[in-house]
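Student: Protein chains in written order, with the numbering used here: chain E, 1 to 219; chain L, 1 to 219.
One or more hints might be untrue.
Once the Cα atoms are required to be at most 30 Å apart in a straight line, the calculated BS3-like pairs of lysine-lysine come out as [as the list claims (entries may be wrong)]:
1) Lys65(E) x Lys98(L)
2) Lys72(L) x Lys72(E)
3) Lys212(E) x Lys183(L)
The following residues of chain E were derived to be distant from chain L, with all beta-carbon distances above 12 Å [unchecked claim]:
4) Met49
5) Val80
6) Glu145
7) Asp168
8) Lys178
Just so you know, the hints here were simulated from the structure itself, not pulled from any lab data.
Bear in mind that the values here come from a model prediction, so they are computed numbers and not experimental data.
For each residue, glycine too, the CB sits at the ideal point set by N, CA and C.
Number of protein chains: 2
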Amino acid sequence: MRNELYLSYYVKPSKGVGFLTIKYPNGSNYISSNRSNKDRPINYGDRGMTLEQEINDSNSYYLMKGIAVIHKKPTPIQIVKVDYPRRSAAVIKEAYFKQASTTDYNGIYMGKYIDFDAKETMNKTSLPLSNFHEHQIVHMKKCVEQGGICFALVKFVRLNEIFVLNSDNLFTFWNRMKNDGRKSISKKEFENLGYKINYQINPVLPYLDAVKKIIDSLN
Amino acid sequence: MRNELYLSYYVKPSKGVGFLTIKYPNGSNYISSNRSNKDRPINYGDRGMTLEQEINDSNSYYLMKGIAVIHKKPTPIQIVKVDYPRRSAAVIKEAYFKQASTTDYNGIYMGKYIDFDAKETMNKTSLPLSNFHEHQIVHMKKCVEQGGICFALVKFVRLNEIFVLNSDNLFTFWNRMKNDGRKSISKKEFENLGYKINYQINPVLPYLDAVKKIIDSLN
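Chain E with its partners taken away, still in its complex shape:
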């Protein structure tokens, strides 16, 4: 168990340059280190991963364990010019980022359609609603109408705190802003209405625990 903790602490997916790299069965790298880890407190978060990496990592775990199938959608790109050099792959020479018309993540869990967006904020006291686009809210509303489970997964980066906020609450705060109310969701509101997600080993971000609570609350 001690060994497992030690290993997990140093697993840094998609990195490993300059170290002896060992591939785990799930494709993650094991990064060897001679530094003693004994006296340091174990912090499962803050491993140099972005929120996106933490979610992708967790989704890989959920997929591998047969718990859920959830993927991040590719970033939408408007391709303008493509070169086809002989004997090699097509090279995109000119392209632009497009605004996504939906949310970033979707999939299936507990037989339910799951749809959510992830947001990071450096703000310590609230999440500005400018982090959301109107069409993302509209998209989530349409999914909820069809029986889907939608939410926002929000990370207060400086506090290293993560919350799942069900879309119903998000819609309420969105409407409050539309009615000339405050343009953000306070940290307090996340604490009162959201589900706090604590980092752990596997998955690093067990956000589906909160989703299960949302689904259970519907029955």
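Take the given structure of chain E and dock chain L to it, following the hints.
Tutor: This is chain L only, laid out in the frame that chain E set:
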């Protein structure tokens, strides 16, 4: 009604260059024409749309009518180099197409998670299974395990015939190939096991009718 038929015949989304273009409430263009349409047989398919356009068009209709929320995922791109010219949008200067790890379309319909891929073939008698990648089959199997509805939407281009084939049948044919059987699904097998989709006005490709039959058959 006659007028509606006439209008629909000339609605060509995303086109309209060189014509008088009128925007419909749903954003489609109406392309004016002086040609008489009276004596021509009405062919709802073969309007110069690719299968992808036909599906996207149908998904827009389903979305607008509150019937389903299904979107095509963006093409996955590996971005290598991005320029940030002053006062204008970021320009991607070097990027490559990546192989998708999932299928092309997913969403929600009748409360169910929907996941499918679309395939076109110029072949008149069968669909070569080389149109599918192993990881697409694996992905569909994982979705089915979670209670999702997966299928292939196949167009025999030269025959202008479209079929929905449920993933269970697709898996059977995939296994047949793996056991040194034939490397394709015959047209006859599509006729026997699949659901034929006939072109119509709105949506142009009413493929959810077949999906409803699949869902109903589960209950």
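Student: Does Lys65(E) pair with Lys98(L) here, judged by a C-alpha cut-off of 30 Å?
Tutor: holds, 25 Å
Student: Checking a non-interface call: every C-beta of chain L should be farther than 12 Å from the C-beta of Val80(E). Is that right?
Tutor: About 9 Å separates Val80(E) from the closest Cβ of chain L, which leaves it inside 12 Å; violated.
Student: Is the claim that Glu145(E) lies outside the interface with chain L correct, judged by CB distances over 12 Å?
Tutor: Glu145(E) not clear of chain L: closest Cβ-Cβ about 6 Å, inside 12 Å.
Student: Does Lys183(L) sit within 30 Å of Lys212(E), going by the straight-line distance between their CA atoms?
Tutor: violated, 42 Å
Student: Say whether it holds or is violated: Lys178(E) keeps its Cβ farther than 12 Å from all Cβ of chain L.
Tutor: Lys178(E) clear of chain L: closest Cβ-Cβ about 21 Å, beyond 12 Å.
Student: Far enough from chain L: is every CB of that chain over 12 Å from the CB of Met49(E)?
Tutor: holds, 20 Å
Student: Regarding the assertion that Asp168(E) does not contact chain L, is the least Cβ-Cβ distance greater than 12 Å?
Tutor: holds, 17 Å
Student: Lys72(L) and Lys72(E) were given as a pair; does the straight-line alpha-carbon distance stay at or below 30 Å?
Tutor: holds, 13 Å
Of the numbered hints stated above, those contradicted by the structure are hints 3, 5, 6, listed in ascending order.
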